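Trainee: As a plain string of letters, each chain reads:
Protein chains: 2
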Amino acid sequence: MKLLLVLFSSLFLNAYFYFCLFLHQHKQPASLGWTGSAATEAEAVAAVNCSGHGRAFLDGVLAGDGLPVCECNKCYYGSDCSRLLHDCPADVDSGDPLFLEAYWQQQAASSAVVFSGWHRMSYSTDGKDYITIELEKHIRILHKVVGNAVTDGKFIVFGSGSAQLINALVYALSQSNASSSPASVVASVPYYPLYKKQTNLFETREYGWGGTTSNWANASVSSVTNFIEFVTSPNNPDGEFKQPVLGSSAVIFDHAYYWPHYSPILDPADEDVMLFTNSKISGHAGSRFGWAVIKDEGVYERTTKYLSLNTVGVSRDTHLRVLKLIKVMITEKGGKGDIFEFGYRTLKARWSKLQELVSSSSRFSLQQLSAHYCNYFRTIRDPSPAYAWLRCEWKEDEDCHEALRKASIISRSGPLFEAGSQYTRLSLIKTQDDFDLLLKRMQPLVSQEEMASS
Amino acid sequence: MKLLLVLFSSLFLNAYFYFCLFLHQHKQPASLGWTGSAATEAEAVAAVNCSGHGRAFLDGVLAGDGLPVCECNKCYYGSDCSRLLHDCPADVDSGDPLFLEAYWQQQAASSAVVFSGWHRMSYSTDGKDYITIELEKHIRILHKVVGNAVTDGKFIVFGSGSAQLINALVYALSQSNASSSPASVVASVPYYPLYKKQTNLFETREYGWGGTTSNWANASVSSVTNFIEFVTSPNNPDGEFKQPVLGSSAVIFDHAYYWPHYSPILDPADEDVMLFTNSKISGHAGSRFGWAVIKDEGVYERTTKYLSLNTVGVSRDTHLRVLKLIKVMITEKGGKGDIFEFGYRTLKARWSKLQELVSSSSRFSLQQLSAHYCNYFRTIRDPSPAYAWLRCEWKEDEDCHEALRKASIISRSGPLFEAGSQYTRLSLIKTQDDFDLLLKRMQPLVSQEEMASS
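Here the protein sequences line up with chains A and B, keeping their order. Using the working numbering, read the first sequence as starting at 9 and increasing by one per residue. Using the working numbering, read the second sequence as starting at 9 and increasing by one per residue.
Some hints could be false.
[What the hints assert, rightly or not] With a straight-line Cα cutoff of 30 angstroms, these simulated DSSO-like cross-link-like pairs (lysine-lysine) come out: (1) Lys162(A) - Lys448(A); (2) Lys303(B) - Lys136(A); (3) Lys145(B) - Lys303(B); (4) Lys162(A) - Lys303(B); (5) Lys205(A) - Lys205(B); (6) Lys162(B) - Lys205(A); (7) Lys205(B) - Lys448(A); (8) Lys448(B) - Lys313(A); (9) Lys162(B) - Lys313(A); (10) Lys448(B) - Lys205(A); (11) Lys335(B) - Lys145(A); (12) Lys361(B) - Lys205(A); (13) Lys414(B) - Lys313(A); (14) Lys205(B) - Lys82(A); (15) Lys361(B) - Lys250(B); (16) Lys136(A) - Lys162(B); (17) Lys136(A) - Lys82(B); (18) Lys341(B) - Lys136(A); (19) Lys136(B) - Lys82(A); (20) Lys82(A) - Lys313(B); (21) Lys136(A) - Lys152(A); (22) Lys145(B) - Lys313(A); (23) Lys303(A) - Lys162(B).
The hints are simulated quantities; they were obtained by calculation from the structure and are not laboratory data. Since we're looking at a predicted model, the values are computed, not measured.
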């Protein structure tokens, strides 16, 4: 009897093991071949514990255990980023879009990509001018799904970030004006500093920096001078919708922030030259990928000529990665994994916390933004700007950037945007740690005031 | 007794199953999580049958079966690239380094990389000026292992291909000369056309294209004019080792082809400004990655300023991929998987076949290259140039490019390198299909001659 029991138990175990083995094979239909070790390596690196204040990367510096070290958020240190540096300044200077890192960590399975060693080695791609057909197609779908831009009947060019496209478009547009005088590149205050920096660096006989539009608006020359006007809408730094002011023959609309994270989506933009950057959509600033939507064929061809001579197109590695990211963004639209919903929710919360703090004080003020109906969310949405455009209201804080710096807050000074020094920009799109530290450092500035007034 | 036999069999089976399960887990310690579906997808795409005359890519256009289509080599077509187009010209125009694709297909497991969705999203990296520390370190190791360049005590900058670095370096060097007159960018005939094209496109008040060195060599002005001289060594198109000829204050040594695939390695190059491109090392032209090795800190800083404003550095995606490729190249050095051995063997065979064909004819001649001792292979090696610099010897073939075109061979015409039209360049570094077709199309040209002489 005992023997029978052992036998049945053993047979049962046989069945169980067989089932396990079979099930296991069923779950992974073809067991992994050449991708196996790369996948195992990537998972090991992703599993490195950085306490939620950092992350390890496959190409990071190696620690003693053979795995890459944690790269910690600002102000955190230690092998697992668990230690907070005292008296560390809140750095809200750059527009580094790390607020979306958490989103992609949630989308780990759907956003991973495996590169084979022989992936797109050629200069050529399957599309024209070093672009891949599927990526271009998915960019058009993304615009349609979001409803922020009309791309039908227009050309699309890829750039190594929209940064590369700034001067590529200036070059292309300066060649299209028949006038013999060089084109003046202009923008309205406050404006994104790279327009001026790049134009000054790359200045040629065909174009140069022309200063701010206000210098020209009332001048009688404006009707005879060739302008290439940058219009950033919503604007960086203040989030305002903008229009060209000079009646310029050529306008470059930079719509970097015209996405539902940052802005209500009103009508789809339908201008002749529009600039977008993936850095501010998926948050992959490090990938260096942007695009321009161009109506005129001549402008398009001059832009591609520039891009072809400058860098022979954009990294094909980045093409594949961005395609995967855009596919996720399109697929998850409207569901729990909607990146725009995630981005909006995050930035709205940050904005309202900052606003609450600032409004308790007469020392500072923020730009006025109101709730708007959004065609993407199909509802009225609250403001959720990428940046706070802070104004120091006290006379002794004339240099607002400096006043904050003394309180251990690193911001981007108004004069860099050619605005007054009473303004400074606070980035709200960095890591949660950066934002939390900003609030912590702002608090005493407001409290000082309360003490002063009491 | 029977019962006992069954029992023992069953127990044995259990032990076996247990062992299987255990072993299986041991081979894949943590069974794959978030990388699983990306890995499965990549393997499915890699398994698409393109008959050895094409390949499918993850970001290719999808076929009816949901998998990407085969992208066929030139002259091949059909859903599996198995059909050869009749009367298709041999295209040996571009320097597309696809001869190395087969190498990476052999190194599938070691060269694969998995990108997590959150890989290096930030503008910042762990190194200075948007470079990653490990990649820079491995570039230095690669130079040491190959023995082709001294990098100790020098700076390294990354570019989106060496193409981007051409003008970045011209900019940096033009700013370092104290003279008030603009610098003249020059090169010796025959030279790589992009030097001139880029300089003309980006020309500023500080520099412009100055033409060929022979225009200046004997002129009395040469001692007072600022030159930025490009020296490509080994030279593109003719594979010759070159030296600067003008005693220029600034020289950019382009060592794109100073690797054991193409050239004997003599002494390590030790110049102040050296240019390299991964396109011609690993063959990943599509990744857009190159670097410059720079001695002077001022030149280095101006170069990084340019790169930072032009594209905010190079795609961090490409950093990771190139790191993996360089690791494979270093690890496999001297063994069966040595990429330099593979490259040398392939190109030597191509060169000797072409040479044999051409030498049977008085119609054409090739550049003279001889065997040399190579410090990398530690033996005398035969020539294996990247390009054949073909000369048409007959008077009626005065335009050599055109003569070949009539015979369905697309080459790169001598005048593009500012050489005579009796010269044309044949690329030997494209796919095996391209090379085979070249030989097939050359054959009748030689036979015609035999017929004519007989």
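Trainee: Please verify whether Lys82(A) and Lys313(B) have alpha carbons no more than 30 angstroms apart.
Mentor: 24 angstroms, holds
Trainee: Compare the distance between the alpha carbons of Lys361(B) and Lys205(A) with 30 angstroms, and conclude whether the hinted pair is satisfied.
Mentor: Given that 30 angstroms is the threshold and the Cα spacing comes to 53 angstroms, the pair is violated.
Trainee: Between Lys145(B) and Lys313(A), is the straight-line Cα distance small enough, at 30 angstroms or below?
Mentor: Roughly 34 angstroms separates the two Cα atoms, so the pair is violated.
Trainee: Take the C-alpha atoms of Lys205(B) and Lys82(A), compute the straight-line distance between them, and say whether it is at most 30 angstroms.
Mentor: Roughly 43 angstroms between the alpha carbons, so the hint for Lys205(B) and Lys82(A) is violated.
Trainee: Are the Cα positions of Lys162(A) and Lys448(A) separated by 30 angstroms at most?
Mentor: 47 angstroms, violated
Trainee: Lys205(B) and Lys448(A) were given as a pair; does the straight-line alpha-carbon distance stay at or below 30 angstroms?
Mentor: 54 angstroms, violated
Trainee: Given the hint that Lys136(A) pairs with Lys162(B), test it: the Cα-Cα distance must not exceed 30 angstroms.
Mentor: 39 angstroms, violated
Trainee: Does Lys152(A) lie within 30 angstroms of Lys136(A) when you go C-alpha to C-alpha?
Mentor: Given that 30 angstroms is the threshold and the Cα spacing comes to 22 angstroms, the pair holds.
Trainee: Starting from Lys136(B), check that the Cα of Lys82(A) is at most 30 angstroms away, please.
Mentor: Answer holds: Lys136(B) to Lys82(A) is near 16 angstroms, not above 30 angstroms.
Trainee: For Lys303(A) and Lys162(B), compute the direct alpha-carbon distance and say whether it is at most 30 angstroms.
Mentor: 46 angstroms, violated
Trainee: Within a Cα-Cα threshold of 30 angstroms, do Lys162(B) and Lys313(A) meet the stated pairing?
Mentor: 33 angstroms, violated
Trainee: With the threshold set at 30 angstroms, check whether the alpha-carbon distance from Lys341(B) to Lys136(A) stays at or below it.
Mentor: 37 angstroms, violated
The structure shown violates the earlier hints numbered 1, 2, 4, 7, 8, 9, 10, 11, 12, 14, 16, 18, 22, 23.
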